[in-house]
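Protein chains: 2
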Amino acid sequence: MKRLIFPILLIAAIQAFAAGPAEGTTASTNIPEAAYPCVSSDSKATFRIHAPEAKDVKVDICGKKYDMTKNENGVWSATTDPLVEGFHYYFLIVDGVSVIDPASETFYGCGKEASGIEIPEDPETAAYYTFNKNVPHGQVRECKYYSDTEGRQRRCFVYTPAEYETNHNAKYPVLYLQHGMGENETGWSKQGMMANILDNAIAAGKAVPMIIVMDNGNCDYIFGAKKGEDMAAFGAGFTPVLLNDLIPYIENTFRVKTDRENRAMAGLSWGGKETFDITLANLDKFSHIGSFSGALFFLHGGLENAYGGVFKDPKAFNDKVKVLFLSMGSEENFGAPDISKALTDAGISNIYYESPGTHHEWLTWRRSLNEFIPLLFR
Amino acid sequence: MKRLIFPILLIAAIQAFAAGPAEGTTASTNIPEAAYPCVSSDSKATFRIHAPEAKDVKVDICGKKYDMTKNENGVWSATTDPLVEGFHYYFLIVDGVSVIDPASETFYGCGKEASGIEIPEDPETAAYYTFNKNVPHGQVRECKYYSDTEGRQRRCFVYTPAEYETNHNAKYPVLYLQHGMGENETGWSKQGMMANILDNAIAAGKAVPMIIVMDNGNCDYIFGAKKGEDMAAFGAGFTPVLLNDLIPYIENTFRVKTDRENRAMAGLSWGGKETFDITLANLDKFSHIGSFSGALFFLHGGLENAYGGVFKDPKAFNDKVKVLFLSMGSEENFGAPDISKALTDAGISNIYYESPGTHHEWLTWRRSLNEFIPLLFR
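Sequence lines, in order, name chains A and B. Using numbering that gives the first Met the number 0, the first residue of the first sequence is number 0, and each one after it goes up by one. Using numbering that gives the first Met the number 0, the first residue of the second sequence is number 0, and each one after it goes up by one.
To be clear, the hints were calculated from the coordinates, so they are not data collected in a lab. Being a predicted model, the structure only gives us computed values, none of them experimental. One should not assume that every hint holds.
Given that identical chains are not distinguished, each listed pair holds provided it fits within a single copy or across any two copies.
[Stated by the list, open to error] Below, in silico cross-link-like pairs of lysine to any residue (SDA-like), each with a Cα-Cα straight-line distance of 25 Å or less:
(1) K321 x N304
(2) K143 x P373
(3) K143 x E32
(4) K54 x V320
(5) K143 x A203
(6) K256 x G23
(7) K63 x T25
(8) K43 x P119
(9) K284 x N168
(10) K57 x N72
(11) K54 x S76
(12) K143 x N131
(13) K170 x R254
(14) K132 x V255
(15) K132 x G236
This is chain A alone, in the form it adopts within the complex (with noise of 0.2 Å):
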């Protein structure tokens, strides 16, 4: 059998785009010569899609279902309210079915690939994330490896900064930084804007040139997906892959100080649970903590019988943790503060930043990302 495929992605192509002129601004997000979503000065999106055939389309953003509705041409439309600014997953509902816009580049979020759109924020504020021509650029490297622990292969992402090409004989402390529940191994570089955070700080001299290993924390699916399993046992087959398989593999593989003094581990969410895990129970081998939004109960069993006692002896801890970074969105509900002035009420030195305005989305963690690299390997 002979065939030409060009005709049938065609077809595909006319269907898949709504074309015209944009309310706004075309959003960042968006695939190559997709008009829709745009964004307006107000920072209110509209999106579009061609669906003739449908009887019912949403868009499901920021927690709330906005009706599109469709004109003579079976194109579909709605505009939502003003929007915080940075980036947020979504969906498309199609008759009852939630799916992702065919506008919109994918990002794994909410246990599936998932549309995405970014606000823009004023640039000036946005700096820190942009890429900026001026600075020298770091990279990012897919790495695969085996793991003993799981009896297969694995992929982390490893960002080395820009200097690590040429200066060969030096040796780069690592941070180790994690995505939340329902996301993976993906979510920092891309939805997190790491690579520019990290470009932007160091040739500024904010932060020390370093190594970040971001890599699956098991726990990329959203709970309720596995039924009967423990909430508080989710993610925990990260710490045997973190302890015994990564951390070798990285040391072995690029060159990194391996003291304890130039390790750190942060994550956003449930990842900032599992940091706290993984840390506290392995104080020789991580100095510096950072917990983002961190999905974090621990003051419900009391401070001091919460990880194994460790914050028992206040001046034993400060001894040995060089950084204990809490944070949140001043628009979300994980407890930070409360932990913070709890830890502090205890003699436990710790550091807290709130984010103005932001919710428990990737705004936050980019800023919380920004505030903490400072803080490393000094």
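Fit chain B to the given chain A structure using the hints.
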């Protein structure tokens, strides 16, 4: 406003997955926890989606649309005919709208993000593109650079062989490797399994250690999307980017050999056309040329007139071009055997490879790459 997003995500997760025992093996291209699609031992794929309110759902794969049928729980399913082994893009059609299957990872193709499914081959046959824990692994680096030609940031991916990390004085030859129309710079390392192919071939001594650069060929949307564009010029914007921005960036950033004998270019489909357009006009810069299912129509104008008459003097051409490689799947209609024969008849040395049983799809191109790289830089 304070809110917790977990409950919303939980509902989305439950809606997204239609769990149950798989009729065959879960596809390797699925997201974690998705049991469907699955593939039977005779290469039939079964797809499922929970869509109780939808009126009509189809799966669109390998040029055929299969009607799905709904059960009493609102789960639609369909099983295909036996499919050719290898990777296939596919879409679900929900009440007339072509969407990505929520159970699939996404792959950029068809001018947008697409679902994809891997139909497994016999493991021995597939060994050359399969991760092997017993060979050293290279890395695929995401690199951002500024293009003066376009006045904007661009992205390329760069494969470095395993020994690049330790062999600090060695310099490596470079292959520039292009995707096809409607695809982008991610294609070769995702759908193409490029890193596994190189790791395995280098470890076996079948290919010399080399660097592979994969950039966007400026043809990542399907023609028709830009009305009135001249087909022959489609993607031509990549030529000055490659010559004036990308090659200098690579040669300034990586330890590479910079003479024409150590610079190759190859591409699939439209990337094959771009490869011929660029290399044959710049034989002072390229010595090895590959076209995998290339969109090459130059025979229509006569071989003598093609590419500025570069084929008029076979001896001069053969002295300059170390490898001219053409390939195609046996089941597609891209004219490579006719071109190879015409070139041979005119005295132009070339190599033709035909992939048995495959169409205009990635298995053709994985095999083509595996046949091409042993010929390079000898």
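Verification of the supplied hints:
1. K321 x N304: within (22 Å within a copy, 71 Å between copies)
2. K143 x P373: between (29 Å within a copy, 23 Å between copies)
3. K143 x E32: Answer is between; shortest inter-copy Cα gap is 21 Å, intra-copy 33 Å.
4. K54 x V320: Neither: 58 Å inside a copy, 59 Å across copies.
5. K143 x A203: between (32 Å within a copy, 19 Å between copies)
6. K256 x G23: neither (48 Å within a copy, 46 Å between copies)
7. K63 x T25: For K63 and T25, the Cα distance is within 25 Å only inside one copy (22 Å; across copies 33 Å).
8. K43 x P119: within (11 Å within a copy, 45 Å between copies)
9. K284 x N168: Intra 24 Å, inter 33 Å, cutoff 25 Å: intra-copy only.
10. K57 x N72: both (17 Å within a copy, 23 Å between copies)
11. K54 x S76: Both: 13 Å inside a chain and 21 Å across chains, each within 25 Å.
12. K143 x N131: between (29 Å within a copy, 10 Å between copies)
13. K170 x R254: Result: close both inside a copy and across copies, 5 Å intra and 19 Å inter.
14. K132 x V255: Between copies only: 23 Å across, 27 Å inside.
15. K132 x G236: between (40 Å within a copy, 21 Å between copies)
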